[in-house]
Amino acid sequence: MKTSFVRISVHEVLLGVLCLYLYGCSETFRNNPLRSVGEPKAVSITLFEGERHGVRVKIEAQDSLRTGSNGFDILLLDAQSNALLTNASAELAASLLEGDSLRIAPTVALVPQDGKLVGNLFLAKASAAWRLVMRWVHQGRADSVVVPIAVVPSWRCAPLQSHDARTYMVVFAEPKILQVGVQEFEWLILEAQHSREQGKVVTRYAPVVDFVVTFETLMPSMGHGSEGNRNPVHTREGRYRGRIGFNMRGDWRIDVFCFRNGVEVGRTFFFFIL
Amino acid sequence: MTWFMKTLALIALLLALALHAFAQSDSLRAAVSKVGQDSLRFHAEEIVVYGSASFQQQAKVLNATDDALSLSQSVQLMRRANFAQEPAIRGMNAGQIAVTIDGMKMYPACVDRMDPISAYIEIENLEKLDIRAGARDFAFAPTIGGSVNFVTTKPNPERSFLKLESGFETVSTLRRVRGDVNFAPKFLEGWAMRGSFSIKRSDDFFAGNQTRIERSGYAKENLKFNLLKDFENQRLQFSYIGDFARNIGYPALIMDATRTDAHLLSLDYEVQSLAAWLPMLTLKLYTNQVVHFMDDRQRPIQAIRERIIMPDMYMPMYGDNRTYGVMSTATLLGKSDVLKLTLDAYFFNAFADMEMHSIFPDVAPMYLLNLGDISTWSAALNIDYVHFFGNQFSLRLNTRLDVLRRLLHDELAKRQFQGYVEEPRFELSYIVPNLALEGTWQLGAASKLALAVSHAARPPTHIENFGFYLYNPLDNAIYVGNPFLDPERSVQAELMFAHSDLGNTLTAKVFYVRFDNYIAGETFIEANPSNRQFSQAFRRYAHLGSAYIAGLEVSAEVLPTETLMLLGTLSYQVGYLIELRDFLPFMPPLSGNVRVRFSQRVWLAEVGVRFALAQNQVSQKILFEDTTPAWAVFDIRLGAKLWDRMSVRLGVENILDRLYHEHLSINNLPSRGRNLYINLGYEIF
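One line per chain: the protein sequences are A and B, in this order.
Anchor point for the first sequence: position 27 equals 27 in my numbering, and the numbering is continuous, going up by one each time.
To convert, count from 1 in the second sequence and add 274; that's my numbering.
Everything labelled a hint here was simulated from the structure, so no lab data went into it.
Careful: at least some of the hints might be erroneous.
To be verified - Partial list, derived from the structure: chain B residues whose beta carbon lies under 8 angstroms from chain A:
{"#": "1", "residue": "I582"}
{"#": "2", "residue": "I583"}
{"#": "3", "residue": "M584"}
{"#": "4", "residue": "E629"}
{"#": "5", "residue": "P639"}
{"#": "6", "residue": "M640"}
{"#": "7", "residue": "Y641"}
{"#": "8", "residue": "R689"}
{"#": "9", "residue": "Q692"}
{"#": "10", "residue": "S804"}
{"#": "11", "residue": "Q807"}
Positions of the beta carbon are idealized from the N, C-alpha and C atoms, including for glycine.
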């Protein structure tokens with residue numbers, strides 16, 4: 001039998017294909033708004049921009065300033081040529097004077113990174129009376145700027161309920177933005193050391209380097225924790241690195257237990273919404 | 275040499291022999307064609323529902339697709355609600371079997387399997403069920419348990435008709451209206467159109483002893499449309515099925531389905547008699563989509579507070595999927611051979627997510643992805659070759675090679691996995707060869723004996739690979755996928771005997787399935803019963819070792835007189851996981867039915883009993899099944915043609931109103947109690 005394929009109208013076939021194509025564009029509901037709930041994205045804030053003795057200075061906080069570890073990006077430029085001052089050395093310091101109480105944050109040496117100087121500064125208390133001091137040395141000449149800053153409270157800085165009558169702080173330093181999944185983290189553990197100087201109670205923060213730290217994750221409303229966790233170990237200057245997993249968005253609590261010589265020194269927790 | 279290489283080598287050898295034999299063919303094609311079709315039919319169980327018979331003559335007993343499925347002795351139904359039940363074949367289910375609609379691949383969008391494929395086909399859409407138990411035919415998928423293909427009704431180019439039917443069932447106050455129209459105008463030669471619809475409304479159903487099952491009602495509409503054009507020896511056909519269900523209560527589960535929409539589209543091209551050796555060539559393009567919402571906000575607050583999983587929490591879930599596919603078959607006739615080649619390719623994408631909202635307002639909502647935008651690409655070649663050695667013996671080779679690629683796209687889903695699987699892979703590839711050999715002996719004029727052996731495998735499902743945080747009420751565990759799974763493999767043997775003489779028939783089958791890497795959940799975090807908020811274990815899909823399923827199925831029809839027919843089926847099987855020393859779950863107990871049917875030209879009456887013995891061989895490690903007591907229920911069904919255009923079907927199911935549940939009923943959801951139903955059909959033209 002002779003067969004003729006051309007009798008099928010091309011238009012009919014195209015119509016069918018078009019129907020299939022249009023159908024492929026039909027509805028879906030995959031963009032659940034809860035996907036984006038959690039910690040807001042970091043928004044950098046310019047704290048200072050000005051010129052000091054031929055050097056243009058720009059100080060940026062990587063995000064709004066909160067209690068805990070805060071990242072800073074510093075630009076030092078030659079005011080004439082706008083060239084980066086790559087051989088300048090710089091450091092950041094901060095202090096908070098409230099009545100007769102003076103808190104002094106640990107000074108941080110800034111390190112060059114991607115054309116900027118960067119560093120993380122620990123700010124212990126929420127207050128609008130902090131003073132940020134940036135000092136630099138360029139071609140043998142020292143200089144500085146002082147910037148008033150306001151610090152808001154954050155879950156990332158947790159005081160340790162200690163058994164040894166000392167005051168410790170556990171700071172969730174990194175990552176700055178937590179996300180679902182397994183990630184490396186860095187905690188900073190500091191001991192608040194008080195002294196009386198010139199009629200004031202001065203508090204300085206010293207790194208704790210001899211803790212053994214364990215932790216447990218928990219979703220309080222769910223009653224379960226997460227997998228992929230690895231207890232942190234000390235790396236340098238009170239910094240402890242470990243691994244933590246979060247298997248969904250929602251409320252999370254991290255219980256932290258600190259030991260010294262096999263004896264629990266204290267415990268604290270972080271509580272936040274991922 | 276690996277198992278895979280051995281199988282490939284065997285396939286290549288047998289294919290070469292088959293093609294060699296085919297090349298020598300020259301004559302007797304017509305005879306072979308007829309014998310070939312008969313022989314092929316022996317492999318599949320066909321349950322004709324509507325077929326080509328007229329509407330009034332369907333004084334059968336089928337009210338729903340589930341009724342049609344339950345006529346097969348190889349099929350068991352998993353009950354989760356008073357709604358579409360999920361078919362299992364010989365106790366195998368989910369990824370172990372293939373469920374298709376006119377050969378189209380389609381997948382449930384609900385991760386809790388609330389929307390089995392059978393939900394999308396209403397009985398008026400169903401021409402027949404093509405059930406292939408066991409791994410003897412891989413036409414539709416690489417499968418270990420077998421396949422169920424719903425063959426839908428098609429336009430009739432010969433005549434036009436319009437039929438309406440309404441029905442009522444007392445057990446759930448079900449109200450049903452459905453219609454079927456066929457239009458084949460004389461002035462448009464070669465064109466035909468067929469459309470059907472159904473509207474169903476059901477309240478809560480009653481189990482035996484007048485036990486009301488709360489939250490078990492539903493509302494559902496179904497629509498089907500076909501357009502057909504014949505061109506001499508060619509046919510082009512367009513088909514659409516839309517299914518829309520709402521507020522479906524799932525009393526056996528912790529949530530209800532609030533909305534499920536499904537759209538199925540296909541375009542079929544068929545050409546016949548291209549050459550004497552090429553009688554049929556077909557091409558099908560298809561796509562389908564399912565959108566599914568489920569929620570527990572309709573549940574009483576007390577139930578939320580006391581729930582075993584995530585108390586004090588509402589958990590709305592969403593899922594959707596899309597499938598696009600192409601399928602082409604060529605049937606070739608030889609001197610004493612029939613060769614059918616099938617190319618089967620599809621793309622499937624699935625997504626499901628879950629919100630968790632505490633009843634306490636100060637708790638932040640939680641969110642996770644159950645299926646994080648999972649794509650599966652698959653291409654396969656199926657070769658079905660039958661060689662006839664005279665009229666007494668035929669040998670059939672059915673082989674299929676699938677190449678499958680699966681990807682997890684969503685970055686959030688990938689991160690979720692990081693804590694549960696060490697260095698997970700998110701791009702997977704599988705090559706899955708399957709092979710079945712079957713010899714059929716004609717033992718005289720009335721009897722046949724067949725022996726089939728097969729080496730069958732199936733790839734892991736997308737849920738077994740990449741599913742995340744899926745609650746299984748049967749073991750009260752949370753399941754996590756495993757991207758490192760290999761295909762589940764099996765060796766099978768089946769011996770079949772059929773005898774047919776003057777309308778009396780006897781069919782008996784004995785089968786054995788040996789798995790060598792059975793896939794099921796493996797606990798990696800133990801349950802904590804003292805934790806009120808979260809007592810569940812965490813389980814990961816894994817290979818649990820060797821298992822077997824062995825069983826027999828017997829069915830008989832006896833015609834003592836022209837008006838009297840005795841029908842009966844009996845089946846039994848046992849399944850066991852060797853390494854864990856545990857019975858396999860979902861193994862039906864010894865069960866069957868006996869029916870006595872009286873039929874005259876215009877009426878039909880049937881009295882029957884359905885029964886099952888107790889199932890005490892239950893899984894205690896793979897799942898936590900409990901034993902199921904024996905049960906037996908009696909039914910009576912009547913069908914009659916009242917006038918020329920009007921018919922009635924009525925009956926009483928579970929006459930004694932027995933309270934019972936079947937072994938495959940999820941969470942022991944009771945079966946329906948006494949049900950008086952009546953359906954009135956009217957053929958307008």
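Hints versus structure:
1. Because the closest C-beta pair between I582/B and chain A is about 12 angstroms apart, greater than 8 angstroms, the hint is violated.
2. The closest approach between the C-beta of I583/B and any C-beta of chain A is roughly 10 angstroms, which is over the 8 angstroms cut-off, so the hint fails.
3. Taking 8 angstroms as the C-beta cut-off, the interface hint given for M584/B holds, the closest approach to chain A being about 7 angstroms.
4. A distance limit of 8 angstroms between C-beta atoms decides the matter here; for E629/B the minimum to chain A is near 6 angstroms, and the interface restraint holds.
5. For the restraint placing P639/B at the interface with chain A, the shortest Cβ-Cβ distance is roughly 6 angstroms, inside the 8 angstroms limit, so the hint holds.
6. Given the 8 angstroms rule on beta carbons, the hint for M640/B holds: about 3 angstroms separates it from the nearest Cβ of chain A.
7. Interface hint status for Y641/B: upheld, as the beta-carbon distance to the closest one in chain A is roughly 4 angstroms, under 8 angstroms.
8. Satisfaction of the interface hint for R689/B is found here, the shortest Cβ-Cβ separation to chain A being roughly 3 angstroms, below the 8 angstroms cut-off.
9. With a least beta-carbon distance of about 4 angstroms to chain A, the hint placing Q692/B at the interface is held under the 8 angstroms criterion.
10. About 11 angstroms separates the beta-carbon of S804/B from the nearest beta-carbon of chain A, more than 8 angstroms, and the hint is not met.
11. The interface hint given for Q807/B holds, since its Cβ lies 2 angstroms from the closest Cβ of chain A, which is under the 8 angstroms cut-off.
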